[in-house]
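Novice: When the letters of the sequence shown are read in order and numbered with our numbering, they come out as residues 88 to 706.
Calculated directly from the structure, the hints in this document are not laboratory data. Heads up, some of the hints might be wrong.
Label pairs and their computed distance ranges (CB to CB) [what the hints assert, rightly or not]: (1) Cys106 - Asp199: 26 to 32 Å; (2) Ser538 - Glu158: 31 to 37 Å; (3) Lys572 - Leu428: 19 to 25 Å; (4) Arg165 - Asp639: 46 to 52 Å; (5) Gly105 - Ala427: 50 to 56 Å; (6) Glu433 - Arg575: 21 to 27 Å; (7) Val341 - Ile278: 34 to 40 Å; (8) Ser447 - Asp199: 53 to 59 Å; (9) Leu465 - Lys114: 20 to 26 Å; (10) Asp199 - Cys224: 17 to 23 Å; (11) Lys244 - Thr543: 33 to 39 Å; (12) Thr628 - Gly469: 31 to 37 Å.
In this text, all values refer to a predicted model and were calculated from it rather than measured experimentally. Beta carbons: idealized from backbone N, C-alpha and C, even for Gly.
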Amino acid sequence: MDLHSTQDLCGHICHRSGCTLAFSSKKQLKKHQRTVHQLQVTCKVYGQETRSTLDRQEDEAFRCPTEGCEEESKDPVRIQKHVKKCDPSKFQQARVMPVPPSDYVHLVPAGDQVIDIPDYPNLAYNKYANILLCTRCHIGLPTNEVETHMWKAHHEKVSEADVRRDFLAHGVTLPVASGKYPPARAGRHDICEPVQGLLMYLGYFCQALHDGEVCAHTVRKEKSFTNHYGHVHKNASDHWKTKLERRYVQHLTVPKTRYFCVTYRPSSPVSVDVHSPHSDRLANSPSTSHLWAQLEQELSNLVVFGDGEAIDQSDPHASMVSNYLEVSGIKSHIESCTLALSCSREELFRTIDFPEETASWSRLVEDWLLDRMSALKLAHYGLRKEGLRESTDKEAPTVGLSPLQERQTGKRYSKAIAKLLVFTLNNSASPLASFWSKKQRSLLETLKEISRLKETTSRSTISTIYGLLDLAMFKFVCFSCSLAKRSRIQSALEQFVALSMIGEDGSFFSPLEMTHTIAAVQYGIRLGTMFHWVDLVESSTDLEYDDDPSNDLEIKMMREHFSWISQDSRASPFMTIRDWIRLASTVIMNEQLPDQTHWADSEMTKLVVATFPISTHLN
Numbered sequence: 088m089d090l091h092s093t094q095d096l097c098g099h100i101c102h103r104s105g106c107t108l109a110f111s112s113k114k115q116l117k118k119h120q121r122t123v124h125q126l127q128v129t130c131k132v133y134g135q136e137t138r139s140t141l142d143r144q145e146d147e148a149f150r151c152p153t154e155g156c157e158e159e160s161k162d163p164v165r166i167q168k169h170v171k172k173c174d175p176s177k178f179q180q181a182r183v184m185p186v187p188p189s190d191y192v193h194l195v196p197a198g199d200q201v202i203d204i205p206d207y208p209n210l211a212y213n214k215y216a217n218i219l220l221c222t223r224c225h226i227g228l229p230t231n232e233v234e235t236h237m238w239k240a241h242h243e244k245v246s247e248a249d250v251r252r253d254f255l256a257h258g259v260t261l262p263v264a265s266g267k268y269p270p271a272r273a274g275r276h277d278i279c280e281p282v283q284g285l286l287m288y289l290g291y292f293c294q295a296l297h298d299g300e301v302c303a304h305t306v307r308k309e310k311s312f313t314n315h316y317g318h319v320h321k322n323a324s325d326h327w328k329t330k331l332e333r334r335y336v337q338h339l340t341v342p343k344t345r346y347f348c349v350t351y352r353p354s355s356p357v358s359v360d361v362h363s364p365h366s367d368r369l370a371n372s373p374s375t376s377h378l379w380a381q382l383e384q385e386l387s388n389l390v391v392f393g394d395g396e397a398i399d400q401s402d403p404h405a406s407m408v409s410n411y412l413e414v415s416g417i418k419s420h421i422e423s424c425t426l427a428l429s430c431s432r433e434e435l436f437r438t439i440d441f442p443e444e445t446a447s448w449s450r451l452v453e454d455w456l457l458d459r460m461s462a463l464k465l466a467h468y469g470l471r472k473e474g475l476r477e478s479t480d481k482e483a484p485t486v487g488l489s490p491l492q493e494r495q496t497g498k499r500y501s502k503a504i505a506k507l508l509v510f511t512l513n514n515s516a517s518p519l520a521s522f523w524s525k526k527q528r529s530l531l532e533t534l535k536e537i538s539r540l541k542e543t544t545s546r547s548t549i550s551t552i553y554g555l556l557d558l559a560m561f562k563f564v565c566f567s568c569s570l571a572k573r574s575r576i577q578s579a580l581e582q583f584v585a586l587s588m589i590g591e592d593g594s595f596f597s598p599l600e601m602t603h604t605i606a607a608v609q610y611g612i613r614l615g616t617m618f619h620w621v622d623l624v625e626s627s628t629d630l631e632y633d634d635d636p637s638n639d640l641e642i643k644m645m646r647e648h649f650s651w652i653s654q655d656s657r658a659s660p661f662m663t664i665r666d667w668i669r670l671a672s673t674v675i676m677n678e679q680l681p682d683q684t685h686w687a688d689s690e691m692t693k694l695v696v697a698t699f700p701i702s703t704h705l706n
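Based on the provided sequences and hints, a complete structural model is requested.
Specialist: Encoded structure:
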């Protein structure tokens with residue numbers, strides 16, 4: 088047998104570092120050696136002629152050397168491309184006072200209109216304009232164009248389905264289509280609040296009459312205005328310059344831009360047109376530069392609050408956190424837990440803090456998560472949509488459950504799920520378990536079996552463990568809580584989420600922290616529920632000889648199975664955490680609790696919204 092025929096039988100074998108894996112082609116072999124065995128990579132640093140050598144870390148990944156950047160990859164080619172384009176200015180803190188702008192373009196800074204999530208540093212949602220933003224270009228994006236824009240403009244791969252799902256996990260439902268104007272805009276004569284996160288321009292507003300009304304056509308450039316005036320008002324006797332008004336304008340999307348007027352005022356008193364012959368002289372005036380530098384120095388030395396300590400405006404007000412805990416029932420349950428254990432909140436924190444055990448379980452959960460996310464690519468799209476359904480009262484989502492996009496998100500979710508599993512195991516015999524429904528006994532048996540098997544490394548055992556993890560995630564939610572029991576929390580899942588609101592010092596986290604915890608365990612439960620369903624169908628004898636073309640029996644079984652995470656009439660723990668994340672998201676976006684509404688009388692003639700009565704009596 089010659090060399091070529093031997094190579095065909097054995098494939099291309101890797102001999103690096105004692106590795107004996109075989110591959111069907113040289114291309115696959117080289118990719119394996121690059122992503123697994125290459126220990127160093129030399130990268131060209133953004134904006135510099137020098138090169139930097141990166142070493143593969145203990146977790147087998149290369150990390151970007153740019154300060155503040157958290158990008159990492161096992162593929163040296165990918166990290167090379169990233170480092171070459173990684174601009175350090177993106178991670179630098181803004182100055183106390185920016186240099187006065189030298190033209191008529193300003194960025195409206197992000198504030199309370201904008202919601203961003205850690206999964207997508209270059210994307211955000213503006214709730215005022217109801218649009219997705221690219222925070223690098225400062226433009227609005229129709230959600231169905233996010234993949235194309237991020238790849239063409241920034242060579243960043245994102246999935247529309249992932250973006251929708253991840254924002255939804257934080258209480259944000261991205262629009263199907265983006266409007267031309269903010270929803271609050273009443274008409275073309277209306278002057279809107281500025282849309283935060285977008286660029287703003289000093290544009291042109293047409294005051295000429297058209298059909299008896301002010302034209303109100305709005306553009307950015309003078310040339311566009313003169314073209315408009317010459318076409319629409321060609322019979323007007325007045326010069327176009329007498330019918331224009333300079334106003335600040337914005338637009339939501341490109342390339343079909345529709346400008347609208349905003350009430351914004353520039354942050355600096357000096358604004359110079361770059362096309363003006365005097366722009367260089369004014370913008371670089373020594374006296375002006377000196378005054379701005381002096382003002383910046385004075386502001387940096389200014390003590391506003393008397394004690395010299397800055398107030399972190401990003402933290403929610405304590406009353407908001409307290410009210411949220413009261414309304415959700417979490418605070419009362421935490422107090423009940425401290426009474427049951429005769430301990431303080433600081434001591435109660437230790438019931439969910441098992442760092443060593445969590446680290447051990449995290450590796451197993453992360454492997455399970457990766458395996459199931461890979462299997463999602465083969466799952467029927469109808470099943471994936473069922474796994475993401477929020478309620479049976481609504482249509483199935485157009486986007487099904489999808490794999491997580493970022494590796495760090497997967498690690499964070501795995502850690503949260505592992506903490507839930509360890510918490511449930513370690514507290515199953517403690518007084519905390521007295522709050523749990525007796526219907527959770529089978530869950531504890533499943534977790535104990537996983538704990539017994541998890542140190543085994545054989546392939547068949549790993550497959551068994553993954554199936555048991557699917558079953559465990561399903562068993563966290565596959566029962567109805569008793570509506571007659573005087574306790575809002577009746578499961579290990581609800582209790583874990585509630586106690587996760589406690590910090591190490593006994594203080595309470597903000598509602599935002601809860602949304603992260605719930606998003607992680609929700610994703611794990613949805614995955615487990617899906618693949619436990621697949622396992623049930625594959626092992627079912629009832630469906631083995633089902634010749635019904637409508638497949639009604641399987642559909643009926645599926646509806647019953649998924650009802651625990653989507654049917655509102657089921658009082659399952661999943662419904663509790665779903666309501667909690669909705670309430671938390673409302674608090675975060677509105678910075679207040681939603682108004683409490685109730686009928687003041689049994690005849691329902693007087694409705695009370697917060698403290699304001701509204702009579703519904705008809706004369």
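Novice: Does each hint fit the structure? Answer for all of them.
Specialist: Checked hints:
1. For cysteine 106 and aspartate 199, the hinted distance range of 26 to 32 Å is not satisfied, since their beta carbons lie about 54 Å from each other.
2. Checked against the hint of 31 to 37 Å, the C-beta distance between serine 538 and glutamate 158 comes to roughly 35 Å, which is consistent with it.
3. Range check, lysine 572 to leucine 428: about 20 Å between beta-carbon atoms, so the 19 to 25 Å window is met.
4. At about 48 Å, the CB distance of arginine 165 to aspartate 639 agrees with the hint of 46 to 52 Å.
5. The hint said 50 to 56 Å for the Cβ distance between glycine 105 and alanine 427, and at roughly 55 Å that hint holds.
6. Evaluation of the 21 to 27 Å hint for glutamate 433 and arginine 575 yields a pass: the beta carbon distance comes to about 23 Å.
7. The hinted window of 34 to 40 Å between valine 341 and isoleucine 278 is violated, with their beta carbons roughly 22 Å apart.
8. Take serine 447 and aspartate 199: their Cβ atoms lie about 42 Å apart, and the range 53 to 59 Å is violated.
9. Taken as a hint, the range 20 to 26 Å holds for the pair leucine 465 and lysine 114, whose Cβ atoms sit roughly 24 Å apart.
10. Here the CB-CB span from aspartate 199 to cysteine 224 is close to 22 Å, well matched to the stated 17 to 23 Å.
11. Checking the proposed 33 to 39 Å range against lysine 244 and threonine 543 shows it holds: the Cβ atoms sit about 36 Å from each other.
12. Between threonine 628 and glycine 469 the Cβ separation comes to about 23 Å, which falls outside the hinted range of 31 to 37 Å.
Of the hints listed earlier, those the structure fails to meet are numbers 1, 7, 8 and 12, in rising order.
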